[in-house]
Amino acid sequence: MTTPLRLAILASTILAGAAHAQEPVTLTIESWRNDDLAIWNDTIIPAYEASHPNVQIEFAPTAPAEYNAALNSKLQAGSAGDLITCRPFDASLELYNNGQLSDLTDLAAMANFSDVAKAAWQTDDAAHTFCVPMASVIHGFIYNKTAFDELGLQEPKTVDEFFQVLDKIKEDGTYIPMAMGTNDQWEAATMGYQNIGPNYWKGEEGRLALIAGTQKLTDPQWVAPYEQLARWKDYLGDGFEAQTYPDSQNLFTLGRAAIYPAGSWEIAGFRAQIADSFEMAAFPPPVPAAGDTCYISDHTDIGIGMNAATQHPEEAREFLEWVGSPEFAALYSNALPGFFSLNSTPVEQTDPLAQEFVSWREECQPTIRSTYQILSRGTPNLENETWNASANVIRGSETPQDAAARLQQGLDSWYKPAQQ
Amino acid sequence: MTARRPIRWHIAVFLAPAVLVYTAIMIVPLIGTLNLSLYRATETGPQFVGLGNFRTLFGDALWSDAFWNALGNNVWFFIIHMLVQNPIGILLAALLSSPRLRLAAFYRTAIFVPTVLSFVIVGFVWKLILSPLWGIAPSMLGAVGLKGLFAPWLGQEGSALTALALVSVWQFVGIPMMLIYAALLSIPDEVMEAAEMDGITGWSRFWKVQLPLILPSIGIISILTFVGNFNAFDLIYVAQGALAGPDFATDILGTFLYRTFFGFQLQIGDPNMGAAIATAMFLIILAGVCVYLFGIQTRLRRYQF
Chain E
1 MTTPLRLAIL ASTILAGAAH AQEPVTLTIE SWRNDDLAIW NDTIIPAYEA SHPNVQIEFA
61 PTAPAEYNAA LNSKLQAGSA GDLITCRPFD ASLELYNNGQ LSDLTDLAAM ANFSDVAKAA
121 WQTDDAAHTF CVPMASVIHG FIYNKTAFDE LGLQEPKTVD EFFQVLDKIK EDGTYIPMAM
181 GTNDQWEAAT MGYQNIGPNY WKGEEGRLAL IAGTQKLTDP QWVAPYEQLA RWKDYLGDGF
241 EAQTYPDSQN LFTLGRAAIY PAGSWEIAGF RAQIADSFEM AAFPPPVPAA GDTCYISDHT
301 DIGIGMNAAT QHPEEAREFL EWVGSPEFAA LYSNALPGFF SLNSTPVEQT DPLAQEFVSW
361 REECQPTIRS TYQILSRGTP NLENETWNAS ANVIRGSETP QDAAARLQQG LDSWYKPAQQ
Chain G
421 MTARRPIRWH IAVFLAPAVL VYTAIMIVPL IGTLNLSLYR ATETGPQFVG LGNFRTLFGD
481 ALWSDAFWNA LGNNVWFFII HMLVQNPIGI LLAALLSSPR LRLAAFYRTA IFVPTVLSFV
541 IVGFVWKLIL SPLWGIAPSM LGAVGLKGLF APWLGQEGSA LTALALVSVW QFVGIPMMLI
601 YAALLSIPDE VMEAAEMDGI TGWSRFWKVQ LPLILPSIGI ISILTFVGNF NAFDLIYVAQ
661 GALAGPDFAT DILGTFLYRT FFGFQLQIGD PNMGAAIATA MFLIILAGVC VYLFGIQTRL
721 RRYQF
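Line by line, the protein sequences give chains E and G.
For the record, in the first sequence the residue sitting at position 413 is 413 according to my numbering, with numbers rising by one throughout.
For the record, in the second sequence the residue sitting at position 77 is 497 according to my numbering, with numbers rising by one throughout.
Same shape as in the complex, but just chain E (with noise of 0.2 Å):
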């Protein structure tokens, strides 16, 4: 081999290492929320991709359902993304546990979120803190606030007015009172349990009193909320048995239910679907009795964390600090209305739907959803039963008290408070 052959041949070694050398690292996100992959993008990754040239974002969602199973064999396998977002709670304890997700607890933008914001995310002694908080939601009734000044109908404030309400529309005939369906089962536990227990088993309050032992589903506060849900049956569009999520959601963009029980992460999506074909807009959950402190289900929903087997720990890192930032907080709650950040920095929203909902942090006492923390933990898991007794209970194939009594047996089978 002549010299300037090897020569050429060195050089070009060298220059390909070179060039690999500035090949921008690429972070992969696992998310479940498919429904944001236009936010991120359009909105969020090109805003910190302009400031890290270097690092290229790839936001790979997979549907709401299968993200857990689907998360789980990919940490096993070893193929999962470098940024894990994270369930709220045990699922990704679990995780930290099984040290598929790393410590970030000297993260220096941890110090931007309140211990509450962060008390989804840690172990159960809060020593270790494994994602970086991002947003609530809220959970409330969105309304067709076109059709309730067609029927001269006022916000309801309390259990009475409320089914006085659902009474009119249903009277008149023009609308579905209430769109929510049981096919998919979750909303009848979260847009239904969840968004109206609070107010009779006094949110946090009762939460920790159950997580404690001193109170038990079976409790009349406890039992109150899945006797109203059988009062709802009534307000449902026909066959609701059948009717799933997204057809409840079509039925009140389409401005054909009055009555939407929702979590704040609709907006978006709704705004998007109505547009100017009539004016929503949004209560609390109704109290008990007027006077009542009125409570709401503000859940820490989603955190991001960092993959333990990542290629790339300090990239990973140097971005969650980013998502930990005011400036990832304004972006991100009015690039997505009705995702509350949980920034301590508190962000203006744009949106008037999403300032209602979270203008009730203000006179309403906050608490998260009652079987997220600790009581999901074992065999039956009480979220995933809460689910199908719910649904039972609006479809009436089961009775207010037989469902508690279900549920608190399941709970008592594998939960003992003293040991906690």
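Think of the hints as simulated: they come from the structure by calculation, not from any bench.
Everything numeric in this text was worked out from a predicted model, so none of it was measured.
Some clues are possibly wrong.
Claimed, not checked - Once the Cα atoms are required to be at most 35 Å apart in a straight line, the calculated DSBU-like pairs of lysine-lysine come out as:
| id | chain 1 | residue 1 | chain 2 | residue 2 |
| --- | --- | --- | --- | --- |
| 1 | E | 216 | E | 157 |
| 2 | E | 168 | E | 202 |
| 3 | E | 202 | E | 118 |
| 4 | E | 118 | E | 74 |
| 5 | G | 547 | E | 233 |
| 6 | E | 416 | E | 118 |
| 7 | G | 567 | E | 145 |
| 8 | E | 170 | E | 202 |
| 9 | E | 216 | E | 202 |
| 10 | E | 416 | E | 202 |
| 11 | G | 567 | G | 547 |
| 12 | E | 145 | E | 168 |
| 13 | G | 547 | E | 145 |
| 14 | G | 567 | E | 170 |
| 15 | E | 216 | E | 233 |
| 16 | E | 170 | G | 547 |
| 17 | E | 145 | E | 233 |
| 18 | E | 145 | E | 170 |
| 19 | E | 168 | E | 157 |
| 20 | E | 74 | G | 547 |
| 21 | E | 233 | E | 202 |
| 22 | G | 567 | E | 168 |
| 23 | G | 567 | E | 233 |
| 24 | E | 168 | G | 547 |
| 25 | E | 168 | E | 233 |
For chain E, the structure is supplied; the task is to place chain G on it using the hints.
Same frame as chain E, now just chain G:
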């Protein structure tokens, strides 16, 4: 000197590809699953518990109720297929083999097409057809004045499983039809002519001559249906989700296994209990196949033409 028979290497060489592939993708995972079902995850790692997981599965009411419910639903799913799919398949095959039928090739193709569709498509299409809100089923019934007969079938405990079983029948009726059709075609014309000479025609020819000759095919179809039904999962999962609503009325062994093994929503997956369920499914199917092979197939009479 007697020549020793050479070792016949070619047998091993020719068998090797199939044996290796089958072992790698079937036997090893099967043994792995059976093995997994004998362990339980603990703080210190997997621990051998013998038949402990099976004791939980059949002894603990929380698990056994779900298991028997799934098994019962599975049996009903199978009964519907045996009572609806296979008789209709035989009937269609008998009609298709009639020499006077025109457009037979078209019917044959049309009836077979759903079989090649994905479960996902079939599940979604039927969910839409039967939807009480946007489906064409309520309006079609309304057009003939029978709107009152419509109910949200997929959402009611009493009817959801039967409705889904019938959807599955609609999808797979082409398979028994094709197998029986092939069996009917293989009956020699001489036999049929002899029957005609003896004055056996029309339906009585079908009952007395053709049916006995296609019984072995019906046996094969039954066992294929049995194995297929007890391994079913896709259609239920697509139509009703992993929780197999309403109130577990459509929960079959496949969905029960999926929920247990992979976990669902806040429920974290339990591979060991999942493997125990998979083992139970394997034994049920094995028992069914054995009953067929030793109890039925050996007694079927075969005819040589």
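Hint check results:
no. : hint          : in the structure
1   : E:216 - E:157 : holds (28 Å)
2   : E:168 - E:202 : holds (29 Å)
3   : E:202 - E:118 : holds (22 Å)
4   : E:118 - E:74  : holds (25 Å)
5   : G:547 - E:233 : holds (22 Å)
6   : E:416 - E:118 : holds (25 Å)
7   : G:567 - E:145 : holds (33 Å)
8   : E:170 - E:202 : holds (30 Å)
9   : E:216 - E:202 : holds (14 Å)
10  : E:416 - E:202 : holds (23 Å)
11  : G:567 - G:547 : holds (18 Å)
12  : E:145 - E:168 : holds (15 Å)
13  : G:547 - E:145 : holds (32 Å)
14  : G:567 - E:170 : holds (21 Å)
15  : E:216 - E:233 : holds (26 Å)
16  : E:170 - G:547 : holds (27 Å)
17  : E:145 - E:233 : holds (23 Å)
18  : E:145 - E:170 : holds (16 Å)
19  : E:168 - E:157 : holds (16 Å)
20  : E:74 - G:547  : holds (30 Å)
21  : E:233 - E:202 : holds (25 Å)
22  : G:567 - E:168 : holds (27 Å)
23  : G:567 - E:233 : holds (21 Å)
24  : E:168 - G:547 : holds (32 Å)
25  : E:168 - E:233 : holds (16 Å)
Violation of the numbered hints given earlier is absent; every hint is satisfied by the structure.
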